[in-house]
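Listed in order, the protein sequences are those of chains A and B.
Numbered per the working numbering, the first sequence spans residues 2 to 370.
Numbered per the working numbering, the second sequence spans residues 1482 to 2267.
Simulated pairs of lysine-lysine, DSS-like, Cα-Cα distance not exceeding 25 Å:
1) B:2150 - B:2103
2) B:1570 - A:336
3) B:1641 - A:336
Derived DEER-like restraints, expressed as beta-carbon distance ranges:
4) A:148 - B:1620: 32 to 40 Å
5) B:1607 - A:33: 37 to 45 Å
6) B:1608 - A:33: 38 to 46 Å
7) A:178 - B:1608: 52 to 60 Å
8) B:1638 - A:297: 12 to 20 Å
9) A:223 - B:1950: 54 to 62 Å
10) A:248 - B:1638: 32 to 40 Å
11) A:143 - B:1607: 51 to 59 Å
12) A:39 - B:2244: 50 to 58 Å
13) A:39 - B:2072: 19 to 27 Å
Stretches of chain A that chain B covers, calculated by requiring three or more beta carbons in the stretch to come under 8 Å of a beta carbon on chain B:
14) 28 to 41
15) 75 to 83
16) 162 to 172
17) 337 to 344
Just so you know, the hints here were simulated from the structure itself, not pulled from any lab data.
It should be emphasised that the depicted structure is a prediction, and the values quoted were computed from it without experimental measurement.
Using N, Cα and C, we set each Cβ at its ideal position, and we do this for glycine too.
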Amino acid sequence: MQRIGSSFLILLTLLLLTPWAKAERLEQIALQQSSPSTALLLTIEQAGDRLVAAGEQGIVIFSNDDGAIWQQANVPASVLITGLHFFDNQKGWAVGHDGIVLATTDGGANWTRQLDGVVINQLRVGAIKEEIARFNELTVKDELALEELEFLLDDAELASEEGPSTPLLDLLFLDSQHGYALGAYGLFLETRDGGNSWAYIGHKLPNPDGFHLNKIFQTREGTLIIIGEAGLMLSSVDLGNTWSRINVPYEGSLFSIAEADELYVMGLRGTLLQVLSGEYLLGSDGSPAVGWRTIQLDITSTINDSALVDGQLYLVGQDGVLLRQNGKRFEPFSKRGLRSYSAITSSGSYLVLVGEGGVSRIALNEGGK
Amino acid sequence: MKQLSSILLWPINSSQLLAECLLFNYRKVFLLLFFIMTLGLAWQAAQIRPDASFVKMIPAEHPYVENYIRYQDDLSGLGNSIRVVVAAKQGDVFTREFQSTLKDVTDELFFIPGVDRSALKSIWTPNVRWTEVTEEGFVGGPVIPPKYDGSDESLEQVRKNILRSGQVGILVGNDFRSAMVQVPLFDKDPKTGEKLNYKEFSQLIERLVRDKYSSENVSIHITGFAKVVGDLIDGAVQVALFFAIAFIVTMVLLYLYSGSVMGTIIPLLCSLVAVIWQLGILNLLGYGIDPYSMLVPFLVFAIAVSHGVQIVNTITLESATTGAGKLQAAKHAFKTIYIPGLTALISDGIGFMTLMVIEIEVIQDLAVAASLGVAVIILTNLMLLPLLMSYVGVGRHAIAKAKRGIEKQHSRWHLLTVFTQPKGAAIAVVVALGLALWGGYASKGLQIGDLDAGAPELRPNSRYNLDNEFITSNYSTSSDVFVVMVSTPAEYCSRYETLATVDRFQFYMRDIKGVQSSISLVDVSERVTAGLNEGSLKWRSIIRNQYVINASLSYVPAGLMNSDCSLLPVIIFLDDHKAETLKGVTAAVERFAAEYQTESLKFNMAAGKAGFEAATNEVIEKAQYEMLIWVYAVVSFLCLLTFRSIRTVICIITPLALTSVLCQALMAKLGIGVKVATLPVIALGVGIGVDYGIYIYSKLQMYLDQGHSLTKAYLETLQSTGKSVAFTGFTLAIGVVLWTFSPIKFQADMGVLLTFMFIWNMLGALVLLPAIACLLRKGGSADVAK
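Could you build all of it, start to finish, from the sequences and the hints given here?
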């Protein structure tokens, strides 16, 4: 029923936009391009042996030969895609601007829409109303929390009027059914049926200022970690049922997190923080106790992404930064790029990077020149 | 038909009598009159100014150009600008010396008159900034840090600032070995309202920038329309030298041909007078000399000489055969030459006038200048020349030479009479047919527009084009700019819906062959939105929230939107300006517009250099056949009037048509496109080429009327005028063949093609004309009886 309602809402939005209907990028099929691998690309993931990358105007590309030759996928929308996640070599999801969620069951060649911002706005208003109702039914009323929720409802309703403008920025599936998607202004969604239906749970996070949520990550031990704007770091040891805030000795935005010999968190202006071994787990009282070490890098460019290759961490970022871990130090690897990198992965004997200039491939044996 | 033509030809026939009476009865009065006119017009001619205007070279009536003119005021900075690149010969830009040179060059350019100082850009100007978000918020500053002192640390700072300013490939070369100064120019000085003097500006740039700052460490590269025009005007000086050479060579040939000092000096003098009159009248009418009409004096001179030769030749023959005196011989020559000469000149002039169908001002100016020149020749060489000759005569030496010539009865002309026999005629026609077929096939490769990279007006290896190549290969923004003007209702240019559609448009265009990149308000909004979100690339999108968009557009660089927000230009950078590329681009824009254009969002083509070229190509493609039809129609009609026989028209026109076809084949083979410069060549070639046919046929007709057989009549024709026809062909060719060495590419192209056309037209007239006459006469012997 809700899906029918949401379709109706999209239709209504489209009708209201009639003179501009042709410009509705949520509805426009992504244009096929002759060299899609040179477009602005933000994210790259592995789907089995295949590489899949995505970026501007609904471009999704895939390669079966470590990134040498790319093909463009069929995507039913033309928004900027910000995040990809593959459960296996067939099943995957993508998120992007205007709250879009796309899914594939053929390893990234064909995509269908699962969700968009119009529905998200609705889910958000509905979820907060429900929460208010639940609070009202409590015998002991928490007036402060209620007031807080009323504010959130106002925000949500305002956002609905503005349309599907909030971008999703990342996603993670714990298995083929249970996944999370997150985005700007504290947007946080959960699905338990492989993306067929979603629930808004942003209000359940300890993120009262509605900071952007940039990345979600699962440690080897199973802890979920979300990093975001203004030094925001949240963790959950129960697969997302409850979240608590971790104090980070840094107030800038965090964009990437990786687990190598230790857990590393990276962000704005060349910030690289190391979480000291084993101490990032929650204390029994629920308050996280973490020891940190700040690693000085020679650069002041934002680190956007990282990848673990043969036990060594590679970092990429703005202004063409590419660094490789060497013990405790991080050193420039290969020639510095001229344009910003957004994401990195490895395939075969190559590092495959994406960013402003599209795909770049760097041989791992090219060495730390 | 006969009646009609006699009515139409009445003015020509009667003017001959009138002119003859007046001219030769009041010789001194007329000479004085000519002398005074020449003095006056020489004074005018001396004042003629080089004139090169951007708007004149583009088709003003084309919708693209109309669109451009409508939005011209809102497109400031997209129009006229030059780019100066300072390149390090060794190492990169991050040295103290390099930065100091770059700073000096920037300052130097700042003070050159005509420069729009507020929009001048280099990494040393304060309007080029970097921005970045830190933990504390948005920060930014000029690329050169305020504390810059040339130390290694501050150079490293510069490097960082360049990277985060997004100027790599724009103001700094992709390889960091050069840096650019963008120098927008005022077409008109905003204070004085004076037009930019391209010649002076270009010379100033050369002197104050290139000469001053080029060194063993640094090279300077300059491109831009102002520089092209400057180079064209400089190239024109060399053309003057060609004129001198052509003059001397013609003089020598003329003397060898006529054997008469006076028979050499007088035609040259009269032809010079024609050039002076033409230039003087042009100046009186308010025309200047542009790189196209610059060539007209050559043509006028060559045509004038060729007609002069006919007169001198006739005078010499008359003196030699009848022993007539100076005056009598001159009078006779005037009588003999006046009508065919006038007909030929009128058909030249009207042939040139057909160029007016091409709606590009430089070509229309060329048509006016050339027609005027031909009209002037009627006075100077058909009238003044016999007048002068009636005083001086050709001299005994020349007459004696001519007598010997007649007595000898040259056998070499016999060779050509082969074509008056059915067998020879058939062979000639079959060969011509074969050539025509081959030409038609070969000219399939003929292309519209300019085919070379860079400034096609100049040679590919000219300094300008080498500079252009350097910039194209090291920067992401080529000089082949195609601007699509997206128009909306007022205040709508920054609406989400507008920007989202333009975003898709740019993305669509990105995939079109020949498109390098594009830039518009969309890029500003996307970049600043990302900047406002800590530079994260994940925000490099148009956000569907008007407040966010408005915030992202709080600072918009000049030229990306107009003041009432109803226009946003999309600037598309192309690989080249080949007709194929431009066609692909315009077709793509049309396809996109057809699908996405709405009442409140229109995609208007086109401004920018490539935009105007696209418009020019369209006009030329349409005009080329229109012009051919006109020029042939007019020339045929004139021949029909003169000779009152369709067969004659066929005899005269067919060789011209063959030459036209072969000329197109030659263009295709040489890689010369049909363009502003080469389109007039066909009209000029046909207009002038018809002269041979007219002269030969009028003589032939005369001998046929006397009852001679075709072979005999043709031999007589050749013996009396064959030599002068051949001579005419060579004189004309000498006038234009030197253009081939012009530093200006299109002049060279015109030179090659005109030389080819003049020579082939002559050969066609000598070989094909009698052959066709023979075959046609055989078919209809009724004509012979007449």
